[in-house]
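Next come the chains, spelled out residue by residue.
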Amino acid sequence: MKTALDGSIAEYAWLLPLLPLLGALINGFLAIAPRLSGRGTTGTVAERELAAGARHAGTNAIVSIVAPGVMLLAFGLAVAIFATMRGVALEEPFVRVFARWMPVGELVVDWGLQLDQLSILMTLVITGVGALIHLFSIGYMKADPGYARYFAYLNLFVAFMLTLVLGSSYAVLFVGWEGVGLCSYLLIGFWFSEKANADAGKKAFIVNRIGDFGFLVAMFLIWATVGTLDFVGAHQALAGLGGSAVLLSIALFLFLGCAGKSAQLPLYVWLPDAMAGPTPVSALIHAATMVTAGVYLIARASPIFAGAPEASLLVALVGALTALFAATVALRQWDIKKVLAYSTVSQLGYMFVAVGTGAYTAGVFHLVTHAFFKAVLFLGAGSVIHALHHAYHHTHRHEDAQDLRNMGGLSRYMPATFAAMTMATLAIAGIPPLSGFFSKDEILSATFARAVSSPLANATLLGIPGRSLLYAIYALGIVTALLTAIYMTRMLLMAFTGANRTGAAEQEALHEAPAIMTGPVVILALLALAGGWLNLPTLIPIGPVGALEHWLEPVVGASAARLSGTAKLSHGTEQVLVGIAIAAAVLGIAVAWVLYRRPLQDKAHSPADRGFAGVLANAYNVDAAVDAAVVRPLDGLAGAVLTRGIDVGVDGTFSAGGGILSRTASLIGQRLQDGDVGKYAWLLAAGALAMLAALTLR
Amino acid sequence: MIAEALAVSAVLFCIGVVGVLTRRNAIIVFMCAELMLNAVNLSFVALAKMHGVTGHVFVVMVMTIAAAEAAVGLAIVISVFRHFGSVDLGSVRMLRG
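Going down the list, the protein sequences come from chains A and B.
With numbering that gives the first Met the number 0 applied, the first sequence corresponds to residues 0 to 697, in that order.
With numbering that gives the first Met the number 0 applied, the second sequence corresponds to residues 0 to 96, in that order.
The set of hints was computed from the structure by calculation and includes no laboratory data.
Relax, there's no trap hidden among the hints.
Straight-line alpha carbon distances no greater than 25 Å define the calculated SDA-like cross-link-like pairs of lysine to any residue that follow:
| no. | chain 1 | residue 1 | chain 2 | residue 2 |
| --- | --- | --- | --- | --- |
| 1 | A | 678 | B | 10 |
| 2 | A | 678 | B | 35 |
| 3 | A | 141 | A | 334 |
| 4 | A | 678 | B | 36 |
Which stretches of chain B does chain A cover? Using the computed rule of at least three CB atoms under 8 Å from a CB of chain A, they are:
| no. | region |
| --- | --- |
| 5 | 8-22 |
| 6 | 81-92 |
Since we're looking at a predicted model, the values are computed, not measured.
Ideal Cβ positions, reconstructed from N, Cα and C, are used throughout, including at glycine.
For reference, chain A alone in the conformation it holds in the complex (with noise of 0.2 Å):
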């Protein structure tokens, strides 16, 4: 197929993916290198630490160089792709198939790349967040005696997720799907040590894999009924099969594996857990790319979700549940990246609700702002995380560098982390004219457009019409605007304001994080300011209107018309839908500035959880309960039949019943071979006679 891209510095695309894992190879190699020459060394104990100090240093250079440099690398060319197709008018996607994969039989899998506007958007996401976040993660990670292993595996994450937006098929993409998976685990158990990171890797790698499994058979099922994975292909073929059976369960399948992925109910269980990674990473990772696969395979995937209205009503129904849910849960912790996770599940809701009621722009709008924005916030609480830790360590006390309890007054002595993360709680509390505003605002107009008149509102979810599942959906969402506003005033108030709670001799050594920590947050609060400049509404024309919707319109307008229809809200509605919004943002931020204005004197005046307080801090017990219901049940089935089935059964009936039959045939095998010819040959007549009456007798 030809588009205005040949020939053009789009058929480069390839090195977006190359040059991320070329930066994890060397990166990999200097984090072996050490173990692969390090034998043999002579010399005292002191010259050979001291030789190992040196070259740990030399490495360490190395890699600050060559992890951020790919990246930047790498957005450099996002960025120059992006202008090429600012400058030509690309209707059909940009597609370029490298190598043949999978022939099997009727299924041709190849390694392709797709190019288009989604793509290229997440790409620059991707690349451009990632970068930044690799040049934070330099002084974060600066100590650790990991640091080549850690941008290996942080090289290898962007390679993977920049594979899974460009992959043209839904089996590349399930590459780069399963790979971010493995990356995650990864860096989540990056401190492996501690029994309780290794085992948060294993839940997230686990509960995706229920997921992953409907990802799958939703593969299947687009395979067994258009013959063809490519997204061209199969979305073509797909297209005339709108309202069948089969569409729906590729849908709901297709919304099982993003459900698992992005931290949706009930698979949501693993992202808090995830925290136990180094901080850097739940931003990059747990906060603006990696979570946010789902809600992209659903926009790439919209022409199916479009031809099944109800998987649709579903996706935004779920998405409204996990909105509310996790935010509930987020006012009462009191770890800060707790905090920020949950806060992390509910801004997915929002991306759900979005995309599931065809408004695929505004959900890919909230992935972009709140990349921005919650990056700013995972970043600012690492530097604090940091500063803490250090002051701790300076004093060799131990206390959790995490726990809210703990900060207070850090204003004064981080002012640029906490302005920046100040700007990112007003965006993504919803106060305009900052980032999450925008996104936020359009998500619930949308969906309140949706019911008011569309093709989605006449459909219906196992009875329940979809119009009032709608507004229960925009009802849900406005609750969820009050509850965001209210935490995260809590945390940076906990955290920021107030008398300082760390202790009197770690207030000596609290400092403002370093310049290569300190920029990256700044930039990416600038974009949480600015980033509602993408996309506009036309109720506030400051600006290009709608830029990022006419940017997206040919991958995703004819999927959006067709579940949304072309009914508009009138300008009168429009500004009352703008105005509860607000208002609920800056009701929420009052309800915290009431609350929580004087925060704690100290730890031990902090409050009892008690009663609905308690449940909530316990995260409504999902664990506890997920533990008693799946966890224990299976490891009890898993013990017994492991050990009372494997050991003692098996490996008892083969090891003790082998004996005896080997036993049992040395003992015949002793008697007949004596020595005695006489029975030789007694035995050599009895068997000719044997032979000759079965050749015979018959």
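With chain A held as given, fit chain B onto it using these hints.
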């Protein structure tokens, strides 16, 4: 005619088998084995009348091999006698397990 020859052959063969199975003296066992060979030879010759010259060829071959076997076998018996001081097969049991 053939029936009678085969009957004699069968009787001779059975005598040979019983001799091999029951006797302990190596020389006698050896002779009984020869008897079995010659019983087979007899049936070959008898059947050659019906089926052509192949039977005769076999007989010549068996006699040749029997001659070679007798040479080797008697040599073994002599060395057994030198080693064990007896040709009783019951005493030659060094390989029993």
